[in-house]
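**Q** Residue numbers (the numbering used here), protein chains in the order written: chain B, 1 to 329; chain F, 330 to 619; chain L, 620 to 924.
Just so you know, the hints here were simulated from the structure itself, not pulled from any lab data.
Just to be clear, a hint being listed does not mean it is correct.
[Stated by the list, open to error] Computed beta-carbon distance windows for the label pairs:
1. SER380(F) - GLY747(L): 38 to 44 Å
2. THR297(B) - PRO830(L): 27 to 33 Å
3. ALA359(F) - PHE683(L): 49 to 55 Å
4. VAL640(L) - GLY474(F): 23 to 29 Å
5. ARG441(F) - ALA77(B): 44 to 50 Å
6. ARG702(L) - PRO388(F): 32 to 38 Å
7. VAL278(B) - LEU499(F): 46 to 52 Å
8. ALA621(L) - ARG116(B): 39 to 45 Å
9. ILE906(L) - GLU38(B): 50 to 56 Å
10. VAL278(B) - VAL592(F): 51 to 57 Å
Glycine included, each C-beta is placed from N, C-alpha and C at the ideal position.
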Amino acid sequence: MTLALSVDGLSVWYGEERAVHSVALEVPVGKVLALIGETGSGKSSVALAAARLLPPRARMEGRVLVAGEEMSALSGAQLRRLRGEKVGFVTQDALAGLNPVMRVGRQIAEVFQFHRNLNRRESAARAVESIEQVRIPEPAAVARLYPHQLSGGMRQRIMIAIALALRPPVVIADEPTTALDVSTQADILRLVRELCAELGTGILWITHDMGVVAEVADLVAVMYAGRIVEHGHAASVFDRQQHPYTRALLRTLHDMRAGQPGDPLFQIEGQPPSLNTVITGCPFHPRCPMATSLCATEEPVSQRFGGLEGTESGLVACHHLGDQAGAMT
Amino acid sequence: MSKKRERPAGRRRIPPTLVVGGTILVLVMAFALAAPLFGNPLHENLTNGLSVTGMPLGPFSKGYVLGTDTLGRSMLSRLAYGARTSLFVAFVSNITSIGVGTIFGLVAGFYRGFAETVVMRFTDIGLALPYVLAALVLATILPSGITRVIIIITALFWAYPARLVYGEVLRLRGRGFVEASVASGASGRSTIRSHLFPHLMPMLVTYSPLNAASAIFFEATLSYLGAGVNPPTASWGNMISDGQSALSIAPHLLYEPGLMLLVTTAAFLLVGEGLKVLNPDLTRLSWLGA
Amino acid sequence: MARRLIVRLFQGALTIFGVAVLTFLLEFIIPGNTAHAIAPRATAATLREITKTLHLNAPLWVQFGDYMKGLLHGNLGESYVQREPVSTLIGQRLPATALLAGAGVLVEVVVGGTLGIAAGLKRWMSRGVNAISLTFLSIPTFVLGLFLLLIFGFDLNIAPVTGGMSFGALILPALTLGLGGVPWYAQLVRDQVAESLSSSYVRTAIAKGLPDRWIIVRHVLRNAFSPALTMVGMDLGIFISGVVVVETVFGWPGLGQLAVQSLDSLDRPVVMGVALVGATGVVVMNIVVDFLRMYVDPRTKLATA
Numbered sequence: 001m002t003l004a005l006s007v008d009g010l011s012v013w014y015g016e017e018r019a020v021h022s023v024a025l026e027v028p029v030g031k032v033l034a035l036i037g038e039t040g041s042g043k044s045s046v047a048l049a050a051a052r053l054l055p056p057r058a059r060m061e062g063r064v065l066v067a068g069e070e071m072s073a074l075s076g077a078q079l080r081r082l083r084g085e086k087v088g089f090v091t092q093d094a095l096a097g098l099n100p101v102m103r104v105g106r107q108i109a110e111v112f113q114f115h116r117n118l119n120r121r122e123s124a125a126r127a128v129e130s131i132e133q134v135r136i137p138e139p140a141a142v143a144r145l146y147p148h149q150l151s152g153g154m155r156q157r158i159m160i161a162i163a164l165a166l167r168p169p170v171v172i173a174d175e176p177t178t179a180l181d182v183s184t185q186a187d188i189l190r191l192v193r194e195l196c197a198e199l200g201t202g203i204l205w206i207t208h209d210m211g212v213v214a215e216v217a218d219l220v221a222v223m224y225a226g227r228i229v230e231h232g233h234a235a236s237v238f239d240r241q242q243h244p245y246t247r248a249l250l251r252t253l254h255d256m257r258a259g260q261p262g263d264p265l266f267q268i269e270g271q272p273p274s275l276n277t278v279i280t281g282c283p284f285h286p287r288c289p290m291a292t293s294l295c296a297t298e299e300p301v302s303q304r305f306g307g308l309e310g311t312e313s314g315l316v317a318c319h320h321l322g323d324q325a326g327a328m329t
Numbered sequence: 330m331s332k333k334r335e336r337p338a339g340r341r342r343i344p345p346t347l348v349v350g351g352t353i354l355v356l357v358m359a360f361a362l363a364a365p366l367f368g369n370p371l372h373e374n375l376t377n378g379l380s381v382t383g384m385p386l387g388p389f390s391k392g393y394v395l396g397t398d399t400l401g402r403s404m405l406s407r408l409a410y411g412a413r414t415s416l417f418v419a420f421v422s423n424i425t426s427i428g429v430g431t432i433f434g435l436v437a438g439f440y441r442g443f444a445e446t447v448v449m450r451f452t453d454i455g456l457a458l459p460y461v462l463a464a465l466v467l468a469t470i471l472p473s474g475i476t477r478v479i480i481i482i483t484a485l486f487w488a489y490p491a492r493l494v495y496g497e498v499l500r501l502r503g504r505g506f507v508e509a510s511v512a513s514g515a516s517g518r519s520t521i522r523s524h525l526f527p528h529l530m531p532m533l534v535t536y537s538p539l540n541a542a543s544a545i546f547f548e549a550t551l552s553y554l555g556a557g558v559n560p561p562t563a564s565w566g567n568m569i570s571d572g573q574s575a576l577s578i579a580p581h582l583l584y585e586p587g588l589m590l591l592v593t594t595a596a597f598l599l600v601g602e603g604l605k606v607l608n609p610d611l612t613r614l615s616w617l618g619a
Numbered sequence: 620m621a622r623r624l625i626v627r628l629f630q631g632a633l634t635i636f637g638v639a640v641l642t643f644l645l646e647f648i649i650p651g652n653t654a655h656a657i658a659p660r661a662t663a664a665t666l667r668e669i670t671k672t673l674h675l676n677a678p679l680w681v682q683f684g685d686y687m688k689g690l691l692h693g694n695l696g697e698s699y700v701q702r703e704p705v706s707t708l709i710g711q712r713l714p715a716t717a718l719l720a721g722a723g724v725l726v727e728v729v730v731g732g733t734l735g736i737a738a739g740l741k742r743w744m745s746r747g748v749n750a751i752s753l754t755f756l757s758i759p760t761f762v763l764g765l766f767l768l769l770i771f772g773f774d775l776n777i778a779p780v781t782g783g784m785s786f787g788a789l790i791l792p793a794l795t796l797g798l799g800g801v802p803w804y805a806q807l808v809r810d811q812v813a814e815s816l817s818s819s820y821v822r823t824a825i826a827k828g829l830p831d832r833w834i835i836v837r838h839v840l841r842n843a844f845s846p847a848l849t850m851v852g853m854d855l856g857i858f859i860s861g862v863v864v865v866e867t868v869f870g871w872p873g874l875g876q877l878a879v880q881s882l883d884s885l886d887r888p889v890v891m892g893v894a895l896v897g898a899t900g901v902v903v904m905n906i907v908v909d910f911l912r913m914y915v916d917p918r919t920k921l922a923t924a
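Isolated chain B (complex conformation):
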C-alpha cells in the first residue's frame, strides 16, 4: 500500500498550550481519510500542520511525509516549491478563502504561472481546464467571474480546482462542506470521491459531521483532546465501534437519522477538556461510561485489532478493548 500522506509523532503548541499530542496518520494513494472530532479537538491544527500552514505563533514537532518526501523539515523556497505541487489545501469557507478582488480564473492561473513557468495566456487556458475538471459548465465564462458572483457550491468547486490544479498526491480539506447546504454538500462529496479515484489523490478530510464521514471516507481517524483515539478502515470503525467515544459519536448520528420527532437526542455527558487542562490517564475518562480507576491514572496506548492488514484492521487507544466485544450489540 503506497502512502500519499504519512504523519508521525505530530504535536502542535500554541504558546504554552498543546493542541495536538503526537498524532500519527496514514492516507493511502487514491483514498479519503476522514479525521473527525468535536470543535477544539485539534483536528484543524492537524490539517494546518500537515499542510505546513500553521500561523507563525504556533510550534510543531513530528514528521510529515508527502509521497515519500519529508515536508516537515523544509522551509523557504523549498517548501514553497512543494506547496500546490505536492499538497493542495481546501478551506472551510470558500468565500473567505478566495481573494474577493481577483477573478477566479486568475486565482487558479497563478498556480500554473509559478509552478509551470507558463505565461499569462497559457496559464489562463490551463485554469479553464481546471474549472472544467471540477464539473462546472461554461468554464471559460466562469473563469472571468469574481468569487461573490458564484454560488457557495461553485466557490467550493473553485477551491477544489485550485487545490487539484497541479494534480498533487495529497489534498488536505478543512471542513470543506460545513458552510454548504445539504444537497450542495452531497454534490461536492460525490465530486471529491470521483476526482480522488480518477487522479489517485489521497485526501485528508477534516470534519465534525459523522454523516459526511459515512458518505466519503475510506478510512477514519477519531480525534479527542488532541489525540487520535481510533484509526482504521471506515467499515471496521463503523461496524465494530471499538472506542466508547466513537460509539457515542455514532449514536448521535443514528439518533438524528433514525429517531422519531420528539425523541430525546442522545448527548455525550460533560464537555471536552479545554487546551490548558492537565490530563492524566485517558482523556475521555471523565465522560466515559466504561471508565475504571485504571483509566483515570494511565493513558492507554494504541492497540491493533482485527489482524495486521485488510479492511478489518485498525488501532484503538482504550483500556477496555477486550471487554467491548461483549459489551456491544
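Chain B is already provided as a structure; the job is to place chains F and L on it using the hints.
**A** Coordinates of chains F and L only, in the frame set by chain B:
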C-alpha cells in the same frame, strides 16, 4: 489560567493615555485661569519690549520669560489668554455642535420618513463641504469676534455627530428598544429621553474630546486666515499669523503658540483614545472617519 | 453601470444645487444692501443705477432665476474689488490649485501608504506609526507649513521662501498638504494590511506556493487599495480645506489664496464663487473616486445594482 482571570478586572484600570492627556489638559486649564497673573496681554511696550533694532525679544529676556511679539507684548501673557480663547471655543462649540448634531440625528433616526431624508441629505452636503471655504463664506457675513468662530464651527461640525447618532439610533432600533417602549404606550419624546439618550451618552462622551481637538484646530486655522478671532484679542492662531513676518528672526513667535496647539490637541486626542479603551464597545468609533 | 452613473450625476447635481441655493441666500438676503457693498462711496443716483441694472429690486425668485441662469452659463458674478468676472479670476488660479492638490494627494498616498504597509507587515513599526500619527494629527496644517518653511526655507536654505510657482516652490507646499493626511492613510492601510495578512485568502495563496512578494502585491495590497480609495473620496472636503491653508502659508497663487485675499477686502462674490467651485470639485471627484473604486473592487458593483 490565573492570568486570564485577572484580565477583565485589569481592564477597569484607567488607561495611561487618559492619565497623561488629562494631566496635560488640567495644566493647560490652570495656565488659562492664571492668565491675569502674567500681565496685560495688550500692553505694547515699544521701549523695553523690543530690541534696539525694534525686533521682538527672544525667550528668557529680562522681564519676559517667553519673549515678546512684534509689538513688544508679553508672549507669556498672550499665550495664557490664547489658551482661554482656545479652551472657551472648544468648550462652547463642543456643546453646540454635538447638541445640534444629536438633535438632528435623533430626529432622523427616530421619526424616519421625510425627516430622515431631508436631514440625512443635509448631513451629506455638510460632510462634503470644503470646511475652510465654507467658513470663509460665513466669515464674510458674520461680524467678527469669538461668537463668529463658535457659530462657524457649529454650522460646520454638526454633521458628523449627526451621522454618528443617526447610525446609533438605527442600531438601537434594530435591537427592539424603541418599538418596545412605544408599544408600551410611551410618547416619542419620553422614549427618546429615557430609552435612546442614555445609550447615546457613552458614544457622545467618547466623541467629544475628538470634536474639541478639531474645534481648537479649526479656531486656530480660522484665526490664522483672518476669519476667526481678530487681533488684538489673543488666539494662538492669530499670534502665529502676526509673527509670520518676523519668522526668520524671531522663530519663537511660531514655536511657542505652535507647541501650545500641539500639546493641547494631543492631550484631547489622548483623552479620546483613553475613553475609547474604557468603552470597548466603541472601538468601531475610530476617528479615522465614519 | 450607465444607470449608476446617471444616478450619481443626479445626486451630485442636487448637492451642487443645494450649495448654490445656500450661497445665493447668503449673498442676497443676509447682508443687507448689495448696491452699497458694490460701490461703498457712490452717490444715491449711482446706487439706484446699480440696483436697476442688477435687478436688485426684483422679487427674490426672479433674482434667484437670474442667478441660476448665470451659473449655468458659467457666470459667477463680478468681483467688487477687481471689477472682473469671478469666473475669469477663478480660471486664472485653477491650474495652480489643481497642481498643488495633485502633488499633495501623491505625497499623502505614497508616504501614508508606505508607512501603513510597513506597519502592517512588521509589528514593531506599528508603534512608530502610532507616534507619528499622533504628532501629525496634533499639528494644524498652517503650523506644520510654517515649521517646514522655517527649517527648510530659512535655516537650511534649500527651498524657496517666497511665493510663486515653480517646481522647487511646489515641494514644501505639497509636503505640508500631504503630511497632514499621512496619519489617516497610514492607519487605514496598516489595519487593512494586517487584516488581509490574517485572512483566509492569503492562507490559500500561501498554500498555492506563491512567493511572498507576489502575495503581498497581488493579494494583500490589492485588497487594501479599495478602502484607501474610499478614503480619498471621503477626505476631499478636508483636503480642499488644507489646500486653502497651504496656499496662504506659502503664497501659492491658487484659489485658496484668492479666497483669503478676497475675505480681507470683503469681496463676497469671489469668496462665494471659490466656495461653489470647491464644492463642485468635491462632488465631481467623489463621482470619479466612486467609479474608480468599482473598477478596483468588483464587489461594490453588486452592492448598488
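**Q** Each hint needs a verdict: does it hold in this structure or not?
**A** Consistency of the hints with the structure:
no. : hint                              : verdict
1   : SER380(F) - GLY747(L): 38 to 44 Å : holds (42 Å)
2   : THR297(B) - PRO830(L): 27 to 33 Å : violated (52 Å)
3   : ALA359(F) - PHE683(L): 49 to 55 Å : holds (53 Å)
4   : VAL640(L) - GLY474(F): 23 to 29 Å : holds (27 Å)
5   : ARG441(F) - ALA77(B): 44 to 50 Å  : violated (60 Å)
6   : ARG702(L) - PRO388(F): 32 to 38 Å : violated (47 Å)
7   : VAL278(B) - LEU499(F): 46 to 52 Å : holds (49 Å)
8   : ALA621(L) - ARG116(B): 39 to 45 Å : holds (41 Å)
9   : ILE906(L) - GLU38(B): 50 to 56 Å  : holds (52 Å)
10  : VAL278(B) - VAL592(F): 51 to 57 Å : holds (52 Å)
The structure shown violates the earlier hints numbered 2, 5, 6.
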